Structure formats: C-alpha cells, structure tokens
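K.L.:
If you want the building blocks of each chain, they are given just below.
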Amino acid sequence: MININIKTGKKPFKRFVVTAGFFALGKGMQSASHFDKDFIECMSGFPDGFTFQMVVKPNGPAVVLRKDKGKFYFKGLKPLPYADLTVNVKNIDTAFMMIVTLIGAAQAFAEHRLSVIGDITDGLKITKCMNIVQFYLFPEILSKNILMKVPRLTFERLIGRVRLYCVGVLFGI
Amino acid sequence: MLPLYYEFYNPVKIISGRKALENIPYELGIMQVHKPMIVTDKGVVDNGLLDIVLNCMKDSGLAIGVIYAETPPDSSIIAVNKAAALFRDNACDSIIAVGGGSVIDTAKGINIVISEETDDIIRFVGAERLTKIQKPFIAIPTTSGTGSEVTLVSVIYNPDKNVKMAFTSNLLLPKVTILDPRMTIGLPPFLTAATGMDALTHAVEAYSCLQKNPLSDAHAIAAITLIRDNLIEAVKNGKNEQARLSLANASLFAGAAFSNSMVGSVHGLGHATGAVAHTHHGMTMAIILPHVMDFNLEKASENYAALLLHLAGEEIYIKTPAPGRAKKAIETIRLMNQTLRDICGMSVTLSQAGVKEDQLEEIARKAMGDGSMMFNPIEMEYNDALRVLKSAF
Amino acid sequence: MGKVLKVDLTTKQVIEYPWTDQDRKLFIGGKTMAAKILYDNIQAGTDPFSSDNYIVITTSPLNGSAAPSSSRFNMSTLSPLTGFIISSNCGGNFGLHLKRAGYDGLVITGKADEKTWLEVTETGVAFHNADNLWGLTTSKTQEELGGKTGKLVIGPGGENLVRYAGVFSQERTAGRGGVGAVMGYKNLKAVTATGTKKPEFWKPEKVRKVNLSWVKLLKNHDLTGDKLPKYGSAYLMKGMQKHSILATHNFKYGQYKDWEMCSGHTLAKDHLIKNEGCVTCTVQCARAVEVNGNKVKGPELETLGLLGPNLENNNIRAIIDWNFQLDELGIDTISVAGSVALAMELNENGLWNNGLEFGKIDNLTQLFEDIAYRRGIGNELAEGTKRMSEKFGGKAYAIHAKGLEIAAYEPRSAVGHGLGLATANRGGCHLNAGYMVFMEGLGLQMDPYTTMSKGALVMFMQNAMEAVAAAGSCFFPVFAFVPSFLIEKPNNFITKIVNVVLKYSGLVVNLFVNWMPGKFLPLHLPFMLPHTLALKVVTGMNTHFGNFKDIGDRGFNLERMFNIRMGLTAADDTLPSRLTDELQDPNNPKSKVPLKRMLKDYYKARGWDENGIPTQKKLKYLKLV
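Line by line, the protein sequences are chains P, X and D. Those letters in the first sequence? Residues 1 to 173, per my numbering, in order. Those letters in the second sequence? Residues 1001 to 1393, per my numbering, in order. Those letters in the third sequence? Residues 2001 to 2625, per my numbering, in order.
Source of the hints: derived by calculation from the structure; they are not laboratory data. The structure presented is a predicted model; accordingly, all values stated were derived computationally and were not measured. Any given hint might turn out to be false.
[What the hints assert, rightly or not] Result set (DSBU-like, lysine-lysine): computed pairs, CA atoms no more than 35 Å apart in a straight line:
hint, chain 1, residue 1, chain 2, residue 2
1, P, K67, P, K149
2, P, K75, P, K14
3, D, K2297, D, K2360
4, X, K1132, P, K10
5, P, K71, P, K149
6, X, K1013, X, K1132
7, D, K2197, X, K1299
8, X, K1319, D, K2391
9, P, K149, D, K2203
10, D, K2395, D, K2590
11, P, K57, X, K1132
12, P, K125, X, K1356
13, D, K2496, D, K2600
14, P, K37, X, K1356
15, P, K128, D, K2025
Using the sequences and the hints, build the whole thing.
P.N.:
Next up, the structure:
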C-alpha cells in the first residue's frame, strides 16, 4: 500500500478537556490571587507586568496570565509571541494528563515533558502557585497524585474552595 | 522496578585512560573541524595543565583560533558573551574546554550564543528551548567532581541580578569528553576530597530523586563503587594514577546519573549555602548530605538501603539487618566525612566550614527558590530546610 | 531534641546516629527507641558476648521536664542471660545529665582493646583508660570518677561476666538481664555524662500546669500519696501475703508465716533512716538504711521477698546487708536470689550437693562474693537458673521465663500475671508482664483464678507499661491508674461491682481499646495514663490516649519481632511446670496457671497467629514494615 499526502488528524476530545482545564486554571489563578494568602505570597516574587503562559505544542491551546497591580489576570487561551515566562508542554497528551491529574507539574518537569523559556526559578515559583490552585480545584484523592504534599483542608481553605468553584472559575474573583 | 516513564540521553563519547589527550586531533578530524577555541581559566594555566593539552596537539597540523583563559569562578554572562565574540572574530569552528565545572559551563554558554546566532546569552535562558545544533565541543575535566562534561545543564552567574541562571538542553552535551589522569594528578588533598564527595552526592541523590531510572541507577552505582574504593587512597596518595582515573570516571558516571535523574534538596541547600557563605561546593554537599538523607528517610529508605551494598561493601550489608540498612548507609557517609576530616581537614559541620548561625535563615530562604528542591523525594518547606541546616551546623 | 551518638569501642569512632522526627513520633524514647535501634542493627545469630552486640542507652522526653516520677532512663542489649532482648530500666539522674550534654541516646558497639571508661560531654566522647577503676565496687568506682556528672558503672560482677550483672548509677540500678555483663565483656567499666544544655519544651507554661495537676493526683491517691512513700514498694508485701502471691520456698508456696519480719512495715519501723528518691518524684521510694555505719539505700520489695520468704529467711537485717553487698558487687538481686533458691532446692532434692539450705543464711554472704568472682559453686550460680537446671536438673522448679528469673509475685494465685510473665519480651519480668497482680489482688481484686478476659487485659496492661516506660516514667504512677477509693475500700459495693465487671470485660477491652485504631481515641484521661498530656505539652506531638497505647503496642511488637529474629518461638512463651502443673493449694484445683488456654486468647487479642508471630496486617498497622 502506498499512500501519499496523508493528513494526521486531530484529537478533539483531549483538546476540549485541555482547553476547559486551562480556562479553569487561568480563572482559578486569577481568583486565588484575590483571596488566598499563600498564593499571594507565592506570586509576590514576580514584578507587575509579568506575563506567564503555558502553551501546548505544536499548535495547542494556551493559558496566558499577566500580573497587574499585585493580582494575576487571565488573558485568554491564545499564546502570545513573547512572554516573560513560557512553559511549553511538548504534546497535547501530556497536557491532558496534567489537567486530569494523572501527573503533576514537578513530575512532568522531571520527565522532560516540559520546556521553559525564561528563568527556571520563575518556573519553579509558578509551579508552586499552580499547585495551590490545583489543590482547590481537585479533591484530595486526585490532588494526591500531583502534589508532593497535600495541605490540610482547614475551614478557611474549604471556604476558598467553595468560592473558587462558585464565582472564581466563572468570574475570576 | 521500572518507572512509568523516563528519558535517558547520554551521547557523549567517553575516552578514558593513559595518553587519552593525544586523541584530540583525531577527534577533531572526525568532526571535520580544525580551528578550535580553547576555553580555560587561570588556575589551569598556572598549574601547567594547558601546556599538557597543547603538547598533545603537536604534530597534527592544527591551529588554535583563540585561547580564552579568563573564565571567572562560577562563570559569568559577561564572560560568555565576550568569549563568544572572540570565537566569531577569530573564525573558530569548535570549542575545547579544559577545566572544572565553571569552565565547561562557560564553554556550553559560548556554544549557545554562537549556535543560536545571538549576541546575548540571556535571551536563551530556560529549559529545553534550544533548537539549533551546537558547534562541535570537546570537554576535558580537570577536577573529579561536577560531572559537567556529561550533564545537560549549564549554570552561569548573572552579575546584574546577582543570581545564577540555569540553561538546560540535551543539545548542550559535548561530543567527546576525555579523562586523562594527568589532568587531576596535581589536585591537592582537600580539593580531591571535596570534589570526590560532590560526585558521591550526585550519585546518591540521583539514585533517590524523582526521575530515577535503571540507567541512571546503574551509573550511580558504578560511581559509588569507584568512590568507595578510591577516594581515600587518592586523598592520601595523590600520585596514584589508577585512583585518580577511577575518581574521574566516578565523577563522570555520577554526572551522567544526575543529569538524567535530577538532584534534590542537598543541592538546593548546598547552592544556597555557597551563595550566602561562600563555602566550597563539594564540601558543603558532603556536610549537608547525611542530614538531608535523615530528612528523606521516610520516603527514600528503600533506596538508601540498596545503596548500602555499594557504599560499604558486601560484608557490612549482610551483617546489617534489613530494617537498619538505610540508616547504616547514612552512617557510612558520615564515617567517610569524618575520615576525610582526619586526613585532610575537610569540615564536617557548617560551623566548621565558616557558616555563621545568623546566616542560616537567609540560606533556607534562598534554598526555597532553587529548582532542585522540587525533585527531592519529600517536599521540603522553609521550616524543614531551617531544621536541616541547624542540625548540620 | 538531642542527637543520638554512636560509639564504636573497637575503632574509637564516634558518629551521629540517624534518628529522625518520624522515629520520634513512632517510638518516643526509652525502651521503644532502644528496641528500634537494636532491631535495625543486630543480625540473627549474634552472640551476646561479642563485639557485634550493641548497648543502647536512651532517655525519654519527660526526663528533665519536672514531671513527677519521670527520671528513668533505659539500657537495652541482647541479653547473655536469655539470648533475647533485655531492656533494663533505671532511675536517677543519668538520663538528665545525658540530655544536658545534648544527647537523647548513646549507641555503643564494638569491644575496647583496653579497659575503658567513656566521658560524654557537649563536644563529644572521650575515651579513658580504666585500669585504675577495674576491680572496684560500684560505689568506689563512682567515687573515683567524682564530680557532678551522671555515672553508669559496673562492679566485679559485670567484670567477671556474671550473666545477670547489672549497671549501677548513683544508688540505683539497671539490674536485670545482664547488661552489666555485656559492658564487662566490652571492657567498658563506666560511662559519665555532663553538660549544660537545657531541654526544650513545646509549651513551657503548660508543662508546669500539667505537672502540678499530676502531682496533685498522685498526692491525693492512697497508694502513691501515702502508703508507698511511707513504706516503699515493700508496702505491698502485706497484700501479697493476704492474697497468697508471696513467693515462698522457691515458689512452692504462696504465703510465709514470718512475712511480717521481712515486710515494709518492719523495715520502716526498725531500720529506716529516711525516704530518698529521684529528683521531682513525689513518692521518694528509696529506703535509706544503715549498713556498717554508713547510710545506704535499702532493699525494695523484690529483694525483700526473694531473699526473705523465698529462701525461708526471716532475718531482715541480713537482707539489708546482702542488698548493699550485691549492689556493691554489681549483681541483680532478683536473679541471684532466684538462682540461690534453685540451688537450695536442688540440694534439698539431692540433685546437687552444694551446702545451701532453705532458712540457712550464714554462708550466703560468702556465696554472693563467690558468685561475683565466679569461684567454686559461685561459678555455677553465676550462670542463672536456666543454665543451672539444664546442667543439674530441676527444670520444673527453675523459676524463670525465657531465662530471666521471676520476681516475687507467685502467679498461681494471680493467673493473669502468670500469662504476662510467660509472654513478656524480656522474660520473667513483672513489669514487662503488665503487672496484672495490680488487678488481681494488690489494687483491685478481680477473680485471680479465672482465665476470662485475662488475654485482653494483659495485652492492655503490657502496652500501657511499655508506653509509660517509653515516656520515661517510673512504674509508681501506675498505682494511681485506679481511683483511690476503689483501693482503700476493697469491700465497698462499687469496688465489688468493678471487680466483677473486669472479669467479663475482655471483649469490650479488645473492641474498644486493643483493636481500636488509635486515631479514634483522641482522649486525655484524667487518671489513666496522665503521661499523654504531659508528653503532649513537652513535645508538641499528638500523644493522646489512642496514640499512646498504640506506641506501647508498637514497642511490644517490635521487641517481639527482635526476639523472633533471635530464635523465639511460641514454645518459649511458657512458665516452669511448678507454676502451670502443680497446685499451690491442694484444696483449690484452680490454683495453678492455665497457660495454654490463656495464650490462645492472648494471641488473638494481640493480632498474632497461632505461632505467636505478629501478622503482616498487624505490623503494617503499627508501621513496623
């Protein structure tokens, strides 16, 4: 059999999940930067105007965030040509695994599934911020897979989780 | 046990043994280059090691484009950019690095600048973002510690921000590395001990960190066995060629191991200590290693128990009951530190190394920002780091 | 939170032994910590008299916290007497001095090539030649060492490897199991400790408050606040005689006609100079008496019982003198008395002609010297009852369990205590056994002959004693477990109900305590184990009742696993046949220890299989695998 000019197809389901997950993550980070103490401390290391994006290669969705006036703002799902810190995910499958908590960011870094354009220490700080949001978004049974240390669910954190689910992901507050 | 997923990459050709350096012209020929730039530092020149390398290139018809001998310790972005400009101005086509970790890292940095056709290396900071094939590069280590000749990372100091920047990419690996006992035979006992323990730390951390895999394990074990059998001898009797070559190999294996498996909190804390208190890298690693191992025991005890066989030998391994092997491994390392202290005065506590107690908080804070902390078997928070530092004080 | 030092006597190397926070959480300190260290380091087949044996000296968090009755430290090793683990507990200030030097424990191994004593200070360990100390008695050695330091010394008994030689500190002893002999084998004459570091507490203000309320509890209790301070542990002899648990004539009988002449009351009336005791203790149990014009520490209950009624001796003056002599020689009084009683009975039965007779005491002073120096028949007696019975016969009345001589409580009138003795890890030790006599006569009076509920209760008491020892506390506060009025009024209606309820309480105790995971019992009980609260405010760890009893269970199982590695089987959970087959009272068919029946219940309560081996499930729960 000889075939020429074969188009490799798409992975629509995975794309959908990753896009939805990035949306939740982006809005979640925006929301958490309004109220969570640990998150605010984590992002205090970045200057105002700092842009961060996580992009799925080769042509996948992205999540773009920008720090303004001390808070993170979700800036959409299209990758920017330039950002202060870009984390490239090598393929859509890796992104899918991260979104559904089969693998955490630290493990993904260790397995060379991500590349960083920008200072690697910034990448580390962003990972810590993302960990906090992922703890809020997922119940312990899932976040055990991706976080090395799952913080205890205090009453304050429970309220945070409710807030994130109800208004955070939708409205970003 | 196989991990669910791993990547291992080590394409470096390793040439090790007597008169190994004499192969340089041949290797350059295979790579079809004939005007190398030699990157080195003042220490290497003063100790006559550069002359040995130049001698080995006699009778080959090669011309050396430029010799850059001003690499600062810890390297520097300014030096890299300057040296890259020299490379271009003299139409060189390859790089030979002769020196320790910082020299080899500088050479990797120069290679980035040249190959990505830029004039400022800072534009390419990050992990796995390089795309252009790098110029042919031969690494000749003159210490038996860092293993940089087989690692995919280059750490270069940025004087503007007063931090070290890390560049990682598989493309940074040299094509060839040459281990010749003449390069390390003159290393004084203290440096031999410190760099040897650095290599041991790499191997131990590689065996217990996040991306450990069977190949990195094999390299780590090979490194540990060689260090166990040769470090004390090399410190006592520096002229022993076999011991020197064994340590050089051990350092290379350890480098290959951790390059493919990551390091953990020992390096995180060690880097921070070095940055704040200016202690020697290898010695700091040796001091902190057993204390971090104590901290990691809960998760890493199986790994440490397996290492006991290689750290202490069969007899002690069999004589120690299985539940006690991990702790015995830690004891063995402590004993090694103490023996080295007795022979050449290497410090075994941070206070002996010159660290002040009020610096510990700053060190812990700085360590939190270090990438390696992420790959430690147990996540270390600020309070944990401070406690570990206090117990190592 | 001090460091743990490992000292190798062969190579003279001293390094830090890894002891992590996780270890502290699981094993607290004391004998449990020591058991873990021994379990991690001693391989199967090790000879107790070898350089591969370890001596582990451990302190506990309550040492130095001013908690009442908490000045105990522990020495554990592989016992030359039993071949299993021996954890030997001792009072006094050594633990405090070791903590002041900055160390929570010392792990000693190897064998010194010359006679040595160790000096432990804040900067490390110094090795000194001990030629000038070798051969001296325990008190002379301590005098020579001088200074305001904590001291551990051995006497001629330890130097000559008497299998039950002890270690002495001030006037107290880590007596049982031959730790002194192991030190003697290693050529280690003494260990001293000095330092100035202050122990750190989690909540210092709360520590004071908790201690004060605990002291109040002890002072208001009839036993710990009145009787025991007045008469020492010897007070209990009255109850023992009453309930027929006073070992007499090598455990042939349970009562002695002249018991009053050896009792605590007589001691207090005729010989006591004053009470003395450990720092911060409210009981002050030591009886200071006069020997040869000097004020020395007098005998406690076991010594009085075993050198008195058990040898048919009613001369308390002799016992006082022997107690001092044995302390000076560095020998455990319980084991030596048990060995002498066996020798007397062997002579009586014509199996060994040694000139020793029940009631004849004029040759005993010389005999004790001979034992310490292994001369003549002393050499045989220095081997202990197990080895003596293997050589000369009389296994039925060689009163030991696993090779460790049994203390003065006759278990045929307290069968639960018998079960405890048979299963205790270090052997025939009444404390490691759970001290069930407290439930079966000396404190409460549950049916002493029934086998019902004994398995469950023995397990609970053993775990409690284990946890209390790990915390660094003395045994005396255990007497306050039970509310005072139940003890003062044994014929009270409520007391009688409690005694009956105890008989049927086995299943409830198993379900709600023994088998209940600790995290479901986050309580701090006011009278039972007040150690839980004291530990919490000192360490900040979650040591509520549930976790505390789990720690005890963990320690007990750990020692059991160690023993199994050393060759223990279910066949070793036994008592001499005099106790299991002969009736103490011919008219009472129940007056023997029905061991086999109780063992089944006991193994079940413990979560062990029918061979007495902890199951994997149990070990996983206790985090021992």
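K.L.:
Compare the structure with each hint and give your call.
P.N.:
These are the hints, each one checked on the structure:
no. : hint              : verdict
1   : P/K67 x P/K149    : holds, 26 Å
2   : P/K75 x P/K14     : holds, 22 Å
3   : D/K2297 x D/K2360 : holds, 25 Å
4   : X/K1132 x P/K10   : holds, 28 Å
5   : P/K71 x P/K149    : holds, 25 Å
6   : X/K1013 x X/K1132 : holds, 20 Å
7   : D/K2197 x X/K1299 : holds, 32 Å
8   : X/K1319 x D/K2391 : holds, 33 Å
9   : P/K149 x D/K2203  : holds, 27 Å
10  : D/K2395 x D/K2590 : holds, 22 Å
11  : P/K57 x X/K1132   : holds, 18 Å
12  : P/K125 x X/K1356  : holds, 28 Å
13  : D/K2496 x D/K2600 : holds, 28 Å
14  : P/K37 x X/K1356   : holds, 32 Å
15  : P/K128 x D/K2025  : holds, 28 Å
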